[in-house]
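Take the two lone chains, each set in its own frame, and fit them into one complex as the hints suggest.
Read off the chains here:
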Amino acid sequence: MPALIELRDLTIAYDRHPAVHHLSGEFRRGSLTAVIGPNGAGKSSLIKTIAGLIKPSQGEVAFRGTAPHDLAYLPQAAAIDESFPISVFDVVLMGHWRRAGAFRPISAAMREAAAFALLKVGLEGFDRRSFGSLSAGQRQRVLFARLIVADSPLIMLDEPFAAVDSRTTGDLLRLVERWHEEGRTVIAVLHDFDQVRRHFPETLLLAREPVAWGATAEVLTADNLLAARAMSEAWDAEADICRGAA
Amino acid sequence: MTTVYDWLVGPFADFSFMRRALVACLALSLGAGPVGVFLVLRRMSLIGDTMAHSVLPGAAVGFMIAGLSLPAMSLGGFVAGVVVALFSGLVTRFTPLKEDASFASFFLISLAIGVLLVSTHGTTVDLMHVLFGSILGVDDASLLLMAAVATLSLATFAVIFRGLVAECFDPAFLRALGARGGIYHTVFLILVVLNMVSGFQALGTLMAVGLMMLPATAARFWVRQVWSLIALATVAGFLSGYAGLVLSYQFNLPSGPAIVLVAGGFYLLSLAAGPRDGMLYLILRRRHLRS
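So the protein lines, in turn, are chains A and B. Using the numbering used here, you'd call the opening residue of the first sequence number 1 and step up by one each time. Using the numbering used here, you'd call the opening residue of the second sequence number 247 and step up by one each time.
Extracted from the complex, chain B is given alone in its bound form (with noise of 0.2 Å):
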């Protein structure tokens, strides 16, 4: 019993950088469901990755202006983040390039000027702390800005909501009733920006989508409401938190990858055996169908 919760409570009992990284999962989750159920419903799931890896230039601007500075290069990231978005935005609206297409372009420019400021005004262990990031090495500021960062997303969540779905699911209807769905699909992007750059301090940049998107695309084979998607995403994704950082400590693995391939694991059980439309269902329904 007792080797049970040494292994399992035992870390974060022991080690006070344990409990701010589980507290770090909580509040990443909190926010990256939602985030990431819309992204996926929106047909954005890979422009979640390009906006990943267009914060880096600004996290660079930060770190060579105040040093490893939390606010500065969280700031330099987001500000990065929405000019990304922004001129995507314009070039998907005014010219026939697809949305995908004129992301993929801006964030190829913004990550190549990031690792170029990295590269030659930083030194390695800094390229890999922006890439990686150190979940363990969550200080209390840290911590403050994922918190504020949760918040703000899902007070904002509550608001947009409805106006959010509608415009999801049908937008020419909404849009010839007067209604302005463009604001929302706005809002909804630099709540993505602001959630990459709380995660790209825990995770780093490219594990944040990870954190993001697989628990949303596992949550589509357990149920079929955008609520209950977004609840079972945040679950999922404190879960893969909880037992990447367990999995962790106990085998000494760095926690971001380690918490990513827990919700990677998570995805491929769903996708194997999840109720809505997985493997084995299909495969059960087809024989029942046969017979």
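Same shape as in the complex, but just chain A (with noise of 0.2 Å):
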């Protein structure tokens, strides 16, 4: 399968502190990756650069055959305002943004897509609901619905089962399967070793700098892990500043 996302030498640098450091390497089109790694890897940069939210400081994400922002972004749950006062119908219907914008009228076809999204996500009948009385499993089953309204090729996933219960995940695993059977590129931010394993076929695994990237059984070693723990510690104990970068 040809590349859809090439990673260019890629150094993303906070205050010239470098949270990912010279990666390079593809993501192909059609691929289910797991983005895995030490607290402080670097893991949710690096998806934020590639949804274009950060800019990196060295390097570059380069798109193929795709527009750039052909995507669907789920950020990590504590960035959105969960007593915001809107209903789970309009924040599913925020998916359209890509064909509704700022100003073209909701058709009924969206709202049916909305609704339809809604049923697949198990959550037929919550529409009128407020998103804040919501559980944090429903919240991010009403946010995995706006993606599936947005039905973009590549679906990028901060943490989306952290604060989630064992059922709602379940359910939103299938999901992405699914996802990955239509042939849209998956790259989810995780945790859990034996969820990535199950599920995701490819994975990154990511100490600021890359330890290993490819299939999931010879990227998930002892080795490897042991490796990504060692690179962490060390650069959290010399917090170097790059040189090359900024």
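Do not take every clue at face value.
To be verified - From the derived model, a few chain B residues whose C-beta atoms are all more than 12 Å from chain A:
no. : residue
1   : Pro257
2   : Phe333
3   : Val337
4   : Leu390
5   : Phe512
Said to hold, decoys possible - Interface residues of chain A toward chain B, partial, derived using beta-carbon atoms under 7 Å:
no. : residue
6   : Leu53
7   : Ile54
8   : Ala62
9   : Gly65
10  : His69
11  : Leu71
12  : Tyr73
13  : Pro75
14  : Phe84
15  : Pro85
16  : Ile86
17  : Ser130
Honestly, the hints are just simulated from the structure, not real lab data. Backbone N, C-alpha and C fix where the C-beta goes; we use that ideal spot for every residue, glycine too.
Rendered as structure tokens:
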């Protein structure tokens, strides 16, 4: 399969301290990749950079054959104000942004698609409820319905199952697998190694620098995990400045 | 019966300055309602306050150049407010300083310049006028300005509403799709400044924020949709204006604080008895869960 996203010598730095250091490689079209690594390994920074939310200090993210903005991004739960006064249906409708934008009307077909997405995530009849009145798991289901509506070829998930009950996690993982079968490219930041082994064919193990990237079974070895932890601890101790960057 | 009429309607039937003040309250609430609600939603409640203060030096410069002229003072206030918003925005964007900190820094500088200008070039009476306004002294020109600002605000909100709500709820999702969320924020900040300028003439720079924020914070205890928050905040703002004017007339109180205090009373009532997470509701629910 051809590459969809190519990372070339990507360095992402905050105040010259790199969060991701000299990362090169590619996400193939239709691949399902887990991004894992110790805390502070730059996982979120990486997918934010691919989503265009952060500018890299060095290197680049190149998209092959798709517009850089034809992607649906699920931020970490903490990034969304859960008390925001908005109905479940309106949140799901936001998935139509690329088609409806800020001004074009929401068609009957768009409403239908949103209602169908709610059905798919098991929240039929929740459309009038306020987003803030839902449980953490239900809120995540709503945000997945929004991803379904967005209908993008590239889907990026930042810790989608943190603070979500196991039944919801199971249901949402089935959706992720469905997206994979449909040929979409999915990149997810995850923590649960078991989950990664069972559901994600490919893995990028990141500890600021790439430790390993490829088939999950080959990446998730004891040696690699140990190396990742050692690298991240060394980084923390030194808090190095990247001379090459910025 | 006549006494009730005399009390509640009489002042407005008898005096044109009271009628004008009432219309001013209506115009102010129409703009301040949505502005206040979005300030609360964007967690910028205190930034409204800083913007109000930033308007002062501009108004003072306008006063120095043209005397007690409304267009000059309004234009000056608007320019000063936009400059503070612009610089704060740039500092927030390009330095690690957070939005509230950069706004606070610029408004303090602006306020100090304003007080300095007013003290050296005006009289204390003028300073009091700018700080506390005089809704009972509203003339046709200021009414027109307020009505124009309210109209422009409502029209602009209608245009940017979807983007503003979506950007407020989840900015990252929109930016990943290539939407330019920053434009909504900028337009919104300009509306904040415009409504401050429109309000300072009637209520003063300090009290104008009260009519903006109190109905909006109170509304959160009653309803749970952005549009209904705006509707309720607007109505509550106007009713506070009306009740404040009646009280100030009947008891010979300064009108600005009277209006803001009525709005404050509505906020405290909502906090205590509002059906959406008001204190009484929370206590009752806890008891319900325990039993």
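For each hint, the structure was consulted:
A cut-off of 12 Å between C-beta atoms confirms that B:Pro257 is not in contact with chain A; the least separation is 37 Å. Distance check on B:Phe333: its Cβ is at least 22 Å (rounded) from any Cβ of chain A, clearing the 12 Å threshold; non-interface status holds. No Cβ of chain A approaches the Cβ of B:Val337 within 12 Å, the least distance being about 16 Å, so the stated non-interface status holds. Distance to chain A confirms B:Leu390 as a non-interface residue, since its nearest Cβ pair spans about 30 Å, more than 12 Å.
For B:Phe512, the shortest C-beta to C-beta distance to chain A comes to about 19 Å, beyond the 12 Å cut-off, and the non-interface label holds. Against a cut-off of 7 Å between C-beta atoms, the interface hint on A:Leu53 holds, since the closest Cβ of chain B lies about 6 Å away. Contact between A:Ile54 and chain B, as hinted, is not supported at the beta carbon level, the nearest pair being about 10 Å apart and thus beyond 7 Å. With a least beta-carbon distance of about 17 Å to chain B, the hint placing A:Ala62 at the interface is violated under the 7 Å criterion.
Taking 7 Å as the C-beta contact cut-off toward chain B, the hint placing A:Gly65 at the interface is violated, the least distance being around 17 Å. The criterion of a C-beta within 7 Å of any C-beta in chain B is met by A:His69, whose closest approach is roughly 3 Å, and the hint holds. Nearest Cβ of chain B to the Cβ of A:Leu71: about 6 Å, under the 7 Å cut. The hint holds. A least Cβ separation of about 4 Å between A:Tyr73 and chain B falls short of the 7 Å threshold, and the interface hint therefore holds.
Hint status for A:Pro75: holds, given a least beta-carbon distance of 4 Å to chain B, under 7 Å. The closest approach between the C-beta of A:Phe84 and any C-beta of chain B is roughly 5 Å, which is under the 7 Å cut-off, so the hint is satisfied. The interface hint given for A:Pro85 holds, since its Cβ lies 5 Å from the closest Cβ of chain B, which is under the 7 Å cut-off. This hint holds: A:Ile86 has a C-beta 6 Å from the nearest C-beta of chain B, less than the 7 Å allowed.
A distance limit of 7 Å between C-beta atoms decides the matter here; for A:Ser130 the minimum to chain B is near 5 Å, and the interface restraint holds.
Checked against the numbered hints above, the structure violates hints 7, 8, 9; every other hint is satisfied.
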